[in-house]
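Just so you know, the protein sequences line up as chains P and R, in that order.
With this note's numbering applied, the first sequence has no gaps in its numbers, which climb one by one up to 286 at the end.
With this note's numbering applied, the second sequence has no gaps in its numbers, which climb one by one up to 493 at the end.
Hints in this document: simulated from the structure, not taken from any laboratory.
Hints are supplied without guarantee of correctness; some may be wrong.
What the hints assert, rightly or not - Now the in silico label distances, taken between C-beta atoms and shown as ranges:
1) P:Gly247 / R:Arg381: 18 to 26 Å
2) P:Pro207 / R:Asp15: 48 to 56 Å
3) R:Phe481 / P:Gly247: 42 to 50 Å
4) P:Gln171 / R:His338: 29 to 37 Å
5) R:Leu10 / P:Asp163: 50 to 58 Å
6) R:Ile385 / P:Gln180: 45 to 53 Å
Note that beta-carbon positions come from the ideal geometry of N, C-alpha and C, so glycine has one too.
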Amino acid sequence: MSDQRNPSNAPAKGAGPETPARPRLRGDDKVAALVIVLSAIVFWVSTTFDEVPSALTQGVPPESYPQLLLGTLIFLAVVLVFESRVRTEKAKKPIKPIVYYTGAVLVVAALSINWLGIVGAMVIACAAIPLLWGDRRYKVIGVFVVVLPVAVYQLFHGVLEVQFPLGIFKDMF
Amino acid sequence: MENLVHGLAILTDPFSLFVILAGTLGGVMIGALPGLSSTMAVALLLPFTVSMDVIPAIAMLSALYCAGTYGGAITAILINSPGTPAACATAFDGYPLAENGQAGRALGMAVWSSFVGGTFSVFALLLAAPALARLAYNFGAPEYFALAVFGMSMLAAISGESAVKNLIGGAFGLLIATVGIDFTTGVERFTFGFPELMDGIDFIPVMIGIFGISELLTQANVLDRVYRRLAAEAVKLPSREDFRKVWKTMARSSFIGTFIGILPAEGGTVASMIGYNEAKRWSKEPEKFGHGAIEGVAGPETANNAATGGAMVPTLALGIPGSATTAVIMGALMVHGLRPGPHLFLEQPHFLYAIFTAMLVANFLFLGIGIVGAKLFARITLIPNTFLWPAVFVLAMVGAYSLEQNVVDIYIMLVFGLIGYIGRRHGFSPAPVIMGLVLGEMIENTLKQSLIIFDHNWLRFFERPIVDVFFALAILGLFSPLLFKMFQSRK
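Chain P on its own, in the form it takes in the complex (with noise of 0.2 Å):
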């Protein structure tokens, strides 16, 4: 593949060839160990459900499946174990800050939907993430901004006929 890389965007100090490798099968067992604690946690949850009379539950109670799920889980959080001590897992390149920035971006628009209306969000969406990826074509932005919103509520509301929420819009469209 030609993956070629900007240097601004080369590896951060300490993560070259010379740092010494973690572990490699460590995060294998963190994950199987999320996994035992949030069915753990999940199974209690599922002892909490209302009773209901064995009468009407016809000997199968609605938390006796999900457990058996649950303990299914666990079991192959327990086989994950073992399975990684003889498998190479793959190194995961490190999560770039612009992630957690672009992650911020999908959840303020997701917010702004009862304050903005859709096509609030829909601006906010397609405003911030081209900055925040590094775009500077700001007349290109601008017509984006304008012409991708407006397309796409015209489809989904003047052709399929979708109510959207459309908050401090409401009087424009």
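Position chain R relative to chain P; hints supplied.
Below, chain R alone, put in the same frame as chain P:
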């Protein structure tokens, strides 16, 4: 015959033809874009189809599936970055061919191989699906439960970092399907007091989140990736010499791809890898593989498209998805109020013929599009990621909202996008989660019904021969990665 005529009637309906054409064009374009798989495309476009009749809706998604599988080859050949996971093996020899100035020949071989494999598998679908549905028509709850367990066990064999992680993903999907009110008792399960969760978690936001949003976050981490685009001359039809060289590979890969597709959960990615390996194994010039062997393009491309029709067989005939994309298509059928399986299949046979027709037409359309427009579609990779992925997010957000017109579904999409992203980083594939989600209700209901039939005696499952066969196959499926490794090491 009457049903075939009913099915073919789709060709006389301009709207159906239009959606098949749109699905094919969209499939080739989306398939050509690295990061946008046909599974994600089907999940993203599913909301568009909700307001359509079921036949044009499924015809569009099926056409998208076929064309998207082919589209992945374009970028595999021209920029060494497969548009879809199923095109990974195509890049092994397609890109070296393009580097040698034979991009047109490689693209021509890819489109013809995809057409041959796809068309073969569509006819296989037509023959195998009714037979399988008739066989399964008299299945009771225990047989269905065992069949679904077999389907889930095959997750161990799908491509991915680890068989156990695939199974954990599948079990997680089954667990998500338990959210909401328990049908037998009316008890709320895992709703945490949110009334929006009482009806359970919809497929659409989960699918869009786990395929689309997680990929968006993945792309944010590789913004510095620069592709070296090779120039493509016009697509050349493979020469007579090329065809002479590859016809056996095409025939072999057609069977391999269809067979792998028919196996529950296995899809084009596994098929293309096996297609490539077998093409190399049977080749008279195996040393040329990896350096631009034309059979190295024909083998995986025939196999991955042959898997499309194959994967539709268990999806439609048994209600067990044959691949990740058919799991999403099955979700689409359920959104339209239909439960795939032998009853739907044998009671509405024209439905099969309509899908057969749509897939066949899609194969012919992408053959034409591929020959005429592959060079043009290759330019779609010039769309900057800075505009492509915000557009994907906008479509994802609107798509997740549209079905129930509920903002909570957008939050669910984001949550599953995050889960999908974290999962991918730790080697979990999103496909098993969707398989589990789609099959969850069926597995729970058939298990409960079976236990009631058997008076809660689990051992009575083994009194039924078909159940025994499926359980034996499930054990084989669970251990298939180990068996495969043993087989490989002996060779």
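Quick rundown of the hints versus the structure:
1. Checked against the given bound of 18 to 26 Å, the beta carbons of glycine 247 of chain P and arginine 381 of chain R, roughly 22 Å apart, stay inside it.
2. For the pair proline 207 of chain P and aspartate 15 of chain R, the beta carbons lie near 53 Å from each other, so the given range of 48 to 56 Å is met.
3. In this structure, phenylalanine 481 of chain R and glycine 247 of chain P meet the distance hint of 42 to 50 Å, their C-beta atoms being roughly 48 Å apart.
4. Between glutamine 171 of chain P and histidine 338 of chain R the C-beta distance comes to about 31 Å, which sits within the given range of 29 to 37 Å.
5. Remark: the range hint 50 to 58 Å for leucine 10 of chain R to aspartate 163 of chain P is upheld by a beta-carbon distance near 53 Å.
6. The hint said 45 to 53 Å for the Cβ distance between isoleucine 385 of chain R and glutamine 180 of chain P, and at roughly 48 Å that hint holds.
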